[in-house]
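Protein sequences appear in the order of chains Y and C.
The numbering used here puts the first residue of the first sequence at 23, with every later residue one more than the last.
The numbering used here puts the first residue of the second sequence at 63, with every later residue one more than the last.
Quick caveat, the hints were computed from the structure, so don't treat them as lab data.
Among these hints, one or two may not hold up.
[Said to hold, decoys possible] SDA-like, lysine to any residue: derived pairs with alpha carbons at most 20 Å apart:
id, chain 1, residue 1, chain 2, residue 2
1, Y, K201, Y, I191
2, Y, K59, Y, V138
3, C, K103, Y, I301
4, Y, K201, Y, G150
5, Y, K429, Y, G412
6, C, K350, C, G305
7, C, K200, C, D213
8, Y, K57, Y, Q29
9, C, K103, Y, H303
10, Y, K364, Y, V395
11, Y, K166, Y, Y286
12, Y, K166, C, R361
13, Y, K213, C, D213
14, Y, K213, C, M87
15, Y, K416, Y, P540
16, Y, K427, Y, L413
17, Y, K57, Y, A89
18, Y, K59, Y, D155
19, Y, K136, Y, D33
20, Y, K213, C, Q146
21, Y, K197, Y, A187
22, C, K350, C, L302
23, Y, K197, Y, F215
24, Y, K201, Y, Y257
25, Y, K240, Y, L190
26, Y, K197, Y, Y286
27, Y, K255, Y, R265
28, Y, K213, C, D138
29, Y, K213, C, Y141
30, Y, K59, Y, F84
31, C, K103, Y, I295
32, Y, K229, Y, D242
33, Y, K213, C, P142
34, Y, K213, C, A152
35, C, K103, Y, S132
36, Y, K554, Y, H539
37, Y, K229, Y, Y257
38, Y, K585, Y, H539
39, Y, K166, C, G355
Computed from a prediction, not measured in an experiment: that's the story for all the values here.
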Amino acid sequence: MVDAARQSKIDLRAYTEVERVEGFVGNFKVTLREKAKYVIADRCNGCGDCSSVCPIEVPNYFELNIAPRKAIYVPMSQSVPLIYSIDMDACIKCFKCVEACGPLEAIDFSQEDKLVTEDIGAIVVATGFSHFDPSVMEEYGYGKFPNVITSMEMERLNNSAGPTAGNLIRPSDNKNPQKLAFINCVGSRDKRFNEGCSNFCCMYSIKNAVLLKQMNPKVDITIYYMDIRTPSKGYEEFYDRARKMGIHFTQGRPSLITEDPETYNLYVHSEDIALGEVIEHEYDMIMLNTAAIPQPDQNEMSSVLNVAQSPGGWYMEYHPKLRPMDSPTDGIFFAGACQGPKDIPASVAQGSAAASRAGRILHSKEWEIEPTVAVVWPDRCVSADGKSCGLCSKACPYGAVDYAKGKAAEIITAKCHGCGACVAECPHDAITQLHFTDAQILAQMRALLAEEPHKKILAFRCHWCSYGGADLAGTSHFEYTANERGMRVMCSARMDSDFIYEAYRLGAGAVLYSGCHPQDCHYITGQLIGAKRAKRLSTIFERMQMTPGRFRIAWISAAEGDKYARVLNEMQAVLDNMPEEQLLEEIERLKPEVTKRLRRFPNVPGVQEAMDFSDTMVTAITTKESAA
Amino acid sequence: MSHENTIETFADQVKAIPGGEHLEMCYSCGTCVSKCMIQQKLEPEYNPRRLLRMVMMDMRKEAFESPTTWYCSQCDLCYPACPQEIHISAVIAAVKQLAVEAGYSTPLSTVSVDESLCAGCGICVMACPYEAPHLIQKEVDGVMDLFSEVDENRCMSCGICVAACPLGAISRKGVSNKEIIKQIKVKKQKSIPSLVIFICDWCLREDDDLSILESYPANVRVIHIPCSGRIDPQMALLALRAGIDGVLVCGCRPGECHYQHGTDITTCKMSLLDTMIDQIKLRDHRVKFVQIGTQERGRIRQEIDSMLETLNARKEPH
Ligand SMILES: Cc1cc2nc3c(=O)[nH]c(=O)nc-3n(C[C@H](O)[C@H](O)[C@H](O)COP(=O)(O)OP(=O)(O)OC[C@H]3O[C@@H](n4cnc5c(N)ncnc54)[C@H](O)[C@@H]3O)c2cc1C
Ligand code: SF4
Ligand code: SF4
Ligand code: SF4
Ligand code: SF4
C-alpha cells in the first residue's frame with residue numbers, strides 16, 4: 023500500500039465512493055463521491071497532534087470496537103494515506119484540534135462531499151469481502167458470552183500493532199487464556215446461512231494456532247473442524263507442522279457452547295467423530311471462524327458497475343476457468359475476494375492478472391469485440407416515427423441500446439455482448455444480430471425439419487449452457503433420442519417467439535426451449551428474458567390445447583449431460599405416446615393459429631429469401647437422399 | 063450407458079417415505095449427535111449420524127437393530143441445528159416405519175392400560191404427542207365397550223397420558239402415581255424450609271447441573287420424572303397438604319421439550335393449579351414451574367436457591 027501511494031502514476035482516492043459508471047470499455051465516465059474529511063489532504067502531515075487533544079472517544083470500528091479512537095482520527099497508525107478525518111457524528115465542535123494543528127491550518131469545518139467525474143479506460147474491482155455475524159447462531163453464544171470471540175477479533179488481539187500490542191487476553195477478566203478452542207465453518211457450509219466454503223478459514227485457523235503456540239508453547243489449542251481443506255502448495259505441510267506442535271484437531275461440528283456463569287469459562291459440546299463419542303470440554307476462550315460473505319453493498323455496486331453476481335452474491339466472472347478475472351462487461355475486471363473468497367496469494371495472482379488485462383485496454387487504440395453484435399435497421403424502428411417503444415433498451419442486460427423517442431434506436435457496439443435479447447424482443451423486427459440473423463436461423467430450421475418433421479424434436483440450445491450439456495451427453499455416451507435436432511443461439515434471450523411458431527408451422531413434433539439456469543447466465547439477465555418469453559409461449563400453447571410436453575422448457579447447465587439426455591427422452595416418450603394420426607391432426611389443427619401469429623415474419627429482411635432458398639436447398643437434399 | 067436401477071436400495075426405500083428424502087444431504091458433521099441428549103442420558107450407542115450412514119451404506123439389519131431407530135422422540139432439537147437442514151427425526155421415523163414393517167419392535171418399556179379402570183373417555187388419545195393410544199371396541203368380561211389401547215411402537219414412554227388419565231388407568235413403570243407419591247415424603251426439619259423438586263429427565267444437559275441437584279440437604283427432595291408433562295396438579299397439592307413448604311417443577315424450554323409439547327401441557331396445568339391454590343386459600347408463591355434451556359448452565363442452582371430464599375422469607379415471622 024505504501025508503495026502504491028509512492029508510485030507517481032497511481033492516484034489514491036481514499037474516503038471516496040463510486041457513484042455512477044457510464045460509457046464503455048476504454049471510455050468510461052466514472053462519478054466519484056469524495057467524502058468530506060474536514061481535513062485538507064494537501065496540508066495534513068499526519069502528525070496526529072489534533073487527535074491527542076480531541077476530548078471525544080468512540081469505539082474504533084477498525085479494532086472491531088474493542089479499542090477506542092478519537093473523533094478526529096485515522097483508523098490505524100499504518101493508514102495509507104496518513105490523513106486524518108473528523109467523524110462529525112461524534113465531534114462536539116470544541117475546535118481544540120484546530121488550535122493544535124496551528125499554522126498548518128489543515129482542518130476545515132466547511133468541507134462538503136464533492137462529486138467528480140473522471141475519464142476512465144478500465145476498472146478493476148477489488149472490494150473484498152465481509153464477515154458473517156455469528157450472534158444469530160444462538161447455540162454459540164456470541165455476544166452473550168464475553169469469551170467467545172470472532173476470528174477478526176482474534177486477528178486484532180494477537181497482532182503486535184493491535185489494541186493489546188499482541189498480548190492475547192480474554193475479555194471477561196483480561197487474563198491470558200491457557201486453553202482455547204477454535205471452531206471452523208461458523209455460518210459457512212451451512213444451508214441456513216451461507217452454502218459455500220469460505221476457502222481460507224482452515225488455513226488461518228491453523229496459522230493463529232501456530233502463532234499462539236509459538237508465543238507460548240504451554241497454551242492448549244483445539245481446532246474443531248468438519249474437514250480440513252489445504253488445497254495449495256505447502257498448506258498440507260503447514261497442517262502437519264501444527265499437529266507436530268501439539269495443536270489438537272477434533273473432527274466434529276460443535277452443537278452448543280455453554281458458559282459457567284461464575285468463571286465465564288466455556289464448554290464445547292461436540293461429537294468427536296474419530297472416537298464416535300459425544301465430548302464436552304472446558305475452555306478459557308473460544309474463537310469462531312466466521313463465514314466470509316459478500317460486502318453489504320455488493321448488490322448496489324453490481325448495478326452501478328453493471329456486472330452480474332453468482333449464487334451467494336459474489337461478483338460473477340466471465341468464465342470460471344478461462345477468464346476468472348474478467349467481468350461480463352468489457353473493461354471491468356475483478357481482483358481478490360470480491361469475486362469469491364480467496365486467500366492472499368490467490369487474490370494477488372488475480373489482481374496482477376486483472377491489472378495486466380486492464381493495461382491491455384489502456385495501451386490499445388482499437389478494441390476487438392465478438393462479431394455477433396446487434397444492429398438496428400433504422401427504417402424499421404418505430405421510435406424514428408415518434409412512437410414510444412424502447413423494448414430493446416429494456417431488454418438489453420448491458421445498457422447497450424441508445425434509445426430516445428423520435429430517433430431510431432442505436433446499438434453502442436462496444437457495449438453489446440451479442441446475447442440477442444433486443445433482437446428477439448423488438449416487436450417490429452427492427453434489430454438483427456450479425457451471424458445469427460432470423461434468416462440464417464430460419465434456414466437451419468428448415469433444413470433440420472425437411473424430412474418427416476412430425477417425428478423431430480427441434481431443440482433450441484444456448485451456446486454457454488444447454489449446448490454444452492448436449493455436448494457432454496454426447497461425449498459421456500448418455501443415450502438420447504436420435505430424433506433430436508439441435509439449434510444453437512448465443513442465449514435463450516435470442517430464442518424469438520417467431521422461431522418457435524415457425525417450427526410448429528413447419529410441422530415439428532416437439533420443440534425444446536433450453537438455456538442456462540438463471541444464476542449461470544452468461545449475459546447477466548439474458549436467461550430471465552428468455553424464461554419470461556418461454557413461459558408466455560407455454561401459456562399460449564396451452565390455450566391452443568397443444569398436447570402437454572410438445573413444448574418443453576428446460577434449464578440445463580453445461581455439466582448436466584444426464585439431464586439433457588433425460589429431458590430429450592421424456593419428450594420422445596410424449597411423441598411415442600401419441601398415435602401418429604393424432605399428432606398429424608394436431609399439427610394441422612394448430613397450423614392456422616401459428617401462421618396467424620407469424621404474419622409479420624416474412625417481412626423481416628432476408629426471411630423470404632431464406633424461405634425460398636432453403637426450399638430449393640431442401641428439394642436438393644431430398645432428391646439426393648431419395649436417389650441414394 | 064444405462065441408468066436404470068433394478069434393485070431398490072435401502073436408501074431408496076427410506077427416501078420414498080415422506081421425510082426420508084433428506085437422507086443424502088448428510089455430510090456427517092456430527093452436530094445432531096451432540097445436540098441430542100439421548101446419547102448422554104439414555105443410550106451411549108445412540109447416534110443419528112451413524113444411522114443415516116447405515117441407511118446410505120445399505121446396512122438394513124444394523125439400522126433396524128440400532129437403538130437410534132427406536133429411541134428418537136422426534137423432539138427436533140437437532141433439526142434447527144443441522145447445517146444441511148436435514149429433518150433428521152423424519153428420516154429416523156422413515157427407518158422406524160420400515161423396521162416395524164419388517165417385524166422389528168421397540169425395545170422401550172412403554173405404558174400399560176388397566177382395562178378394569180379405563181372408561182374409554184379418550185383423553186389419553188388427545189394428550190399423547192405420538193398418536194400412540196387409540197380407542198377400540200373390545201369385549202371385556204362379556205361386555206362390549208370402548209377401551210384405550212397403546213401402540214407400543216409409537217409410545218415413547220413420556221408418561222403424559224398417565225398424568226392425563228382422570229381414572230388413573232394408565233401406568234408407566236417407575237413413575238406410576240403410587241411410586242411418585244411415595245417419594246414425596248420429606249424429612250422435615252423445623253429450621254429450614256422443605257422443598258420438593260419434580261424434574262424432567264431432559265432439561266439439565268450438563269453433568270455439573272445434575273450434581274448440583276444432589277448437593278442440597280435432605281429437606282430438598284428431588285423426584286425425577288420423564289417429562290414435566292407427567293406431573294398433574296394434584297401431585298403438587300398433595301405435597302403441600304403433606305406439609306411441604308414448596309414445590310418446584312422443572313421442564314424444558316418450549317421448543318426443546320424431549321416429548322414435543324410436554325412442557326406446553328405443563329404450562330397450562332400450572333396456570334390451572336394457580337387458580338386451584340387460590341380457591342383453597344393456600345398461600346401462593348409456594349409452587350413454581352420453570353423451563354430451562356439447553357444452554358442455561360447453572361440456572362438450576364439459581365432457581366433452587368431463589369425458591370428456598372422465598373420460602374425462607376415466608377417462614378420467618380414478621
Ligand atoms: C481472520 C482472517 C485471517 C486471515 N488470514 C490470512 C492469512 O494468514 N493468509 C492469507 O493468505 N489470507 C488470510 N485471510 C484471507 C485474506 O483476508 C483475504 O485473502 C484478503 O483480505 C483478500 O483481499 P482483497 O483485497 O480481495 O479484499 P479485502 O482485504 O477485503 O480488501 C477490500 C478493500 O476494499 C474496500 N472496499 C470495499 N467496498 C468498497 C467500496 N464500495 N468502495 C471502496 N472501497 C471498498 C474495503 O474497505 C477493503 O479495504 C484471512 C482472512 C480472515 C477473515
Ligand atoms: S440486448 Fe444483447 S444484443 Fe442487444 S444490444 Fe444488448 S447485448 Fe447487444
Ligand atoms: S447435523 Fe445434519 S449433516 Fe450433521 S451429521 Fe447430523 S444429519 Fe448429518
Ligand atoms: S429428534 Fe430429538 S431425539 Fe431424535 S435425534 Fe433429534 S435430538 Fe435426538
Ligand atoms: S407414554 Fe407418552 S408416548 Fe406413550 S402413550 Fe402415553 S402419552 Fe403417548
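Hint by hint, here is what the structure shows:
no., hint, in the structure
1, Y:K201 - Y:I191, "12 Å, holds"
2, Y:K59 - Y:V138, "16 Å, holds"
3, C:K103 - Y:I301, "13 Å, holds"
4, Y:K201 - Y:G150, "33 Å, violated"
5, Y:K429 - Y:G412, "11 Å, holds"
6, C:K350 - C:G305, "16 Å, holds"
7, C:K200 - C:D213, "15 Å, holds"
8, Y:K57 - Y:Q29, "23 Å, violated"
9, C:K103 - Y:H303, "17 Å, holds"
10, Y:K364 - Y:V395, "35 Å, violated"
11, Y:K166 - Y:Y286, "11 Å, holds"
12, Y:K166 - C:R361, "15 Å, holds"
13, Y:K213 - C:D213, "37 Å, violated"
14, Y:K213 - C:M87, "10 Å, holds"
15, Y:K416 - Y:P540, "18 Å, holds"
16, Y:K427 - Y:L413, "12 Å, holds"
17, Y:K57 - Y:A89, "25 Å, violated"
18, Y:K59 - Y:D155, "29 Å, violated"
19, Y:K136 - Y:D33, "17 Å, holds"
20, Y:K213 - C:Q146, "5 Å, holds"
21, Y:K197 - Y:A187, "15 Å, holds"
22, C:K350 - C:L302, "12 Å, holds"
23, Y:K197 - Y:F215, "33 Å, violated"
24, Y:K201 - Y:Y257, "25 Å, violated"
25, Y:K240 - Y:L190, "14 Å, holds"
26, Y:K197 - Y:Y286, "12 Å, holds"
27, Y:K255 - Y:R265, "18 Å, holds"
28, Y:K213 - C:D138, "17 Å, holds"
29, Y:K213 - C:Y141, "12 Å, holds"
30, Y:K59 - Y:F84, "17 Å, holds"
31, C:K103 - Y:I295, "19 Å, holds"
32, Y:K229 - Y:D242, "15 Å, holds"
33, Y:K213 - C:P142, "11 Å, holds"
34, Y:K213 - C:A152, "18 Å, holds"
35, C:K103 - Y:S132, "69 Å, violated"
36, Y:K554 - Y:H539, "13 Å, holds"
37, Y:K229 - Y:Y257, "10 Å, holds"
38, Y:K585 - Y:H539, "12 Å, holds"
39, Y:K166 - C:G355, "15 Å, holds"
When held up to the earlier numbered hints, the structure conflicts with 4, 8, 10, 13, 17, 18, 23, 24, 35 and fits the remainder.
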